[in-house]
Amino acid sequence: MLTVQDITFTDDMILNGGKFILVKLVPTYQVDDNETEQRVGTTATVALTGHQLEKIDVLIDEQLSCASFNELELPEVYFIAFKGGFSFEEGEHVFHATADHLQVIT
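Quick note on the numbering used here: the sequence shown kicks off at -11 and runs consecutively.
Hints listed in this document are in silico derivations from the structure and should not be mistaken for laboratory results.
Incorrect hints may appear among the rest.
[Stated by the list, open to error] Listed below are the simulated EDC-like cross-link pairs for lysine to aspartate or glutamate, each with C-alpha atoms no more than 16 Å apart in a straight line:
1. K7 <-> E64
2. K12 <-> E50
3. K12 <-> E64
4. K12 <-> E42
5. K71 <-> D(-6)
6. K7 <-> E61
7. K43 <-> D(-1)
8. K12 <-> E61
9. K71 <-> D(-1)
10. K71 <-> D88
11. K7 <-> E42
12. K71 <-> D49
13. K12 <-> D45
14. K7 <-> D45
15. K43 <-> E64
16. K71 <-> D45
17. K71 <-> E50
Quick caveat, the model's predicted, so the values are computed rather than measured.
All chains should be modelled from the sequences, with the hints used to inform the complete structure.
As structure tokens, then:
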């Protein structure tokens, strides 16, 4: 029997031909065995244009420069090697998404 955790989503499946709108970029940190915080990437919050601007967070392996955006001119982006899926956490299904790179559409 197939469960929701077994399903992997690609950007094409989520977007229905649309583009992501980049809302914000935030550095992502992880604590190692020595309890030292280390930057492991960047979390991009994006809006899905094909789904009434539902927002998702995507963990990117790249350490991108994070700065404020002009909220009136949010850039459109796409991801390279995007993968999304659900895991069961604290009694509910939570969507997690990762990507290798983020590309701004000019």
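Now the hints, each set against the structure:
{"no.": "1", "hint": "K7 <-> E64", "result": "holds (6 Å)"}
{"no.": "2", "hint": "K12 <-> E50", "result": "holds (15 Å)"}
{"no.": "3", "hint": "K12 <-> E64", "result": "holds (12 Å)"}
{"no.": "4", "hint": "K12 <-> E42", "result": "holds (14 Å)"}
{"no.": "5", "hint": "K71 <-> D(-6)", "result": "holds (12 Å)"}
{"no.": "6", "hint": "K7 <-> E61", "result": "holds (15 Å)"}
{"no.": "7", "hint": "K43 <-> D(-1)", "result": "holds (14 Å)"}
{"no.": "8", "hint": "K12 <-> E61", "result": "holds (12 Å)"}
{"no.": "9", "hint": "K71 <-> D(-1)", "result": "holds (7 Å)"}
{"no.": "10", "hint": "K71 <-> D88", "result": "holds (9 Å)"}
{"no.": "11", "hint": "K7 <-> E42", "result": "holds (12 Å)"}
{"no.": "12", "hint": "K71 <-> D49", "result": "holds (12 Å)"}
{"no.": "13", "hint": "K12 <-> D45", "result": "holds (9 Å)"}
{"no.": "14", "hint": "K7 <-> D45", "result": "holds (15 Å)"}
{"no.": "15", "hint": "K43 <-> E64", "result": "holds (14 Å)"}
{"no.": "16", "hint": "K71 <-> D45", "result": "holds (12 Å)"}
{"no.": "17", "hint": "K71 <-> E50", "result": "holds (15 Å)"}
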